[in-house]
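Each protein sequence line maps, in turn, to chains E and C.
With the first sequence counted from 1, adding 22 to any position gets you the numbering used here.
With the second sequence counted from 1, adding 22 to any position gets you the numbering used here.
For the record, the hints were derived by calculation from the structure and aren't laboratory data.
We put the beta carbon where it would ideally sit given N, CA and C, even for glycine.
Be aware that a few hints might be false.
Stated by the list, open to error - Residues of chain C clear of chain E, computed beta-carbon distances all greater than 10 Å:
| id | residue |
| --- | --- |
| 1 | Lys36 |
| 2 | Asp39 |
| 3 | Val50 |
Said to hold, decoys possible - Partial list, computed: chain C residues near chain E (C-beta under 10 Å):
| id | residue |
| --- | --- |
| 4 | Ala26 |
| 5 | Thr59 |
| 6 | Arg83 |
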Amino acid sequence: MKYVDEFRSADRVRETVRALDALTTRPWTIMEVCGGQTYAIVKFGLQELLPKKIRLIHGPGCPVCVTPAHIIDHALSIAESGAILCSFGDMLRVPGSSSSLLSAKAKGASVHIVHSPLDALEIARENPSRQVVFLAIGFETTAPANAVSVFQAKKEGIENFSMLCSHVLVPPALEFLVHSPDNEVQAFLAPGHVCTITGESEYRLLCERHSLPIAITGFEPLDILQGIYFCVQMLERGCPDVVNQYSRSVCLEGNQVALSMLDDVFEVRDALWRGIGTIEASGLFLRREYAEFNAEERFPFTSKCSCKEQGCISGEILQGRKRPSECPMFNRQCTPEQPLGAPMVSNEGACAAYYHYCIR
Amino acid sequence: MCLAIPGQIIVIEKEGDFLFAEVDFSGVTKRVNLLFTPEAELGDYVIVHVGFALSILSEQRALSTLSLLQGDEA
Numbered sequence: 023m024k025y026v027d028e029f030r031s032a033d034r035v036r037e038t039v040r041a042l043d044a045l046t047t048r049p050w051t052i053m054e055v056c057g058g059q060t061y062a063i064v065k066f067g068l069q070e071l072l073p074k075k076i077r078l079i080h081g082p083g084c085p086v087c088v089t090p091a092h093i094i095d096h097a098l099s100i101a102e103s104g105a106i107l108c109s110f111g112d113m114l115r116v117p118g119s120s121s122s123l124l125s126a127k128a129k130g131a132s133v134h135i136v137h138s139p140l141d142a143l144e145i146a147r148e149n150p151s152r153q154v155v156f157l158a159i160g161f162e163t164t165a166p167a168n169a170v171s172v173f174q175a176k177k178e179g180i181e182n183f184s185m186l187c188s189h190v191l192v193p194p195a196l197e198f199l200v201h202s203p204d205n206e207v208q209a210f211l212a213p214g215h216v217c218t219i220t221g222e223s224e225y226r227l228l229c230e231r232h233s234l235p236i237a238i239t240g241f242e243p244l245d246i247l248q249g250i251y252f253c254v255q256m257l258e259r260g261c262p263d264v265v266n267q268y269s270r271s272v273c274l275e276g277n278q279v280a281l282s283m284l285d286d287v288f289e290v291r292d293a294l295w296r297g298i299g300t301i302e303a304s305g306l307f308l309r310r311e312y313a314e315f316n317a318e319e320r321f322p323f324t325s326k327c328s329c330k331e332q333g334c335i336s337g338e339i340l341q342g343r344k345r346p347s348e349c350p351m352f353n354r355q356c357t358p359e360q361p362l363g364a365p366m367v368s369n370e371g372a373c374a375a376y377y378h379y380c381i382r
Numbered sequence: 023m024c025l026a027i028p029g030q031i032i033v034i035e036k037e038g039d040f041l042f043a044e045v046d047f048s049g050v051t052k053r054v055n056l057l058f059t060p061e062a063e064l065g066d067y068v069i070v071h072v073g074f075a076l077s078i079l080s081e082q083r084a085l086s087t088l089s090l091l092q093g094d095e096a
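Bound-form chain E, shown alone (with noise of 0.2 Å):
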């Protein structure tokens, strides 16, 4: 069992797509979370497999998208003043109101691609006299090791490491496109990894008080055609619930510990999030006792512009209201090359993948 190749097999996919086809007797519409699950979805081919009645739509779950322009303007004047800015490669082509963290660092700032926040850390230890920001973003899945870096640093006493954090939430971002008044979705795959550390207990919530059938998915064909098939058994037999497909990773509670090092470090306050707007305790913010960590602090920063996105519609994507394809600068204007927005830049954004894998 190497837990890839068994669950991209084409005779146990054609299995459940065949099965799916005989489910089938009604059109449904669908939500798939998380920005990897809408890339498998999109290099597989997976929707033209799917029964014509089974609508798939794209949701919100790509951090690198979500993460609001100002703290990608805070990140570049923080590289700008001399300081050493470490982030995840996502992020560094993604635009803020007027530049991106990689033509800063073409332009010589230090900006450091960092695969973990442990790097970070170490870049911190082996540069004593400069100061290191992390620019942490993340869901649920990210917050946990991106928090070990902080709780790390306090233990050690790394003065000049301090984090500039967004990180968001799952399941307050499914409350508010369930409470918006075009909303469509019937059904939601929900992200399998986040659910690693955080358990259902929220999903079922959700399912409860909006009657909504959720199957907590992997990211693997068969995972996703799996939840697919079970979302739509719960819309067909009208018994909603949250189904685990994932359960080989995903177990009822998530990880304790992980949620333990969460709890520890963040509280959880409103956050902004780009494209859609501020979404109530939808946020994870660094807790007092870790306000000398906190490069907002360390680093103030005021010109907090709300700027509007010169032609990229990422909320509508973000929320599933428009397909890439449907929008007038997608692959004109707008290419990964020269991202207008997010979603086109980040493996996760609905437009990068759509791109790559030419739907037009």
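Fit chain C to the given chain E structure using the hints.
Leaving out everything else, chain C in the frame of chain E:
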């Protein structure tokens, strides 16, 4: 961002405050922090994200997922 991939633990060692593993991803190995999966053992497959193992994969549950819908025409 939430991209996380399965790999197999081939070495476990303590370093400073943490347990680390060498994890093999079909021939490419990476150093992975085991803070969130302290019960991980040699040979286990773990889901790895930004340098941390998030979960230990259950072979038994994976097999039962694979056999779902097999021969089932709904």
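How the hints compare with the structure:
no.	hint	in the structure
1	Lys36	holds, 15 Å
2	Asp39	violated, 7 Å
3	Val50	holds, 13 Å
4	Ala26	holds, 5 Å
5	Thr59	holds, 8 Å
6	Arg83	holds, 4 Å
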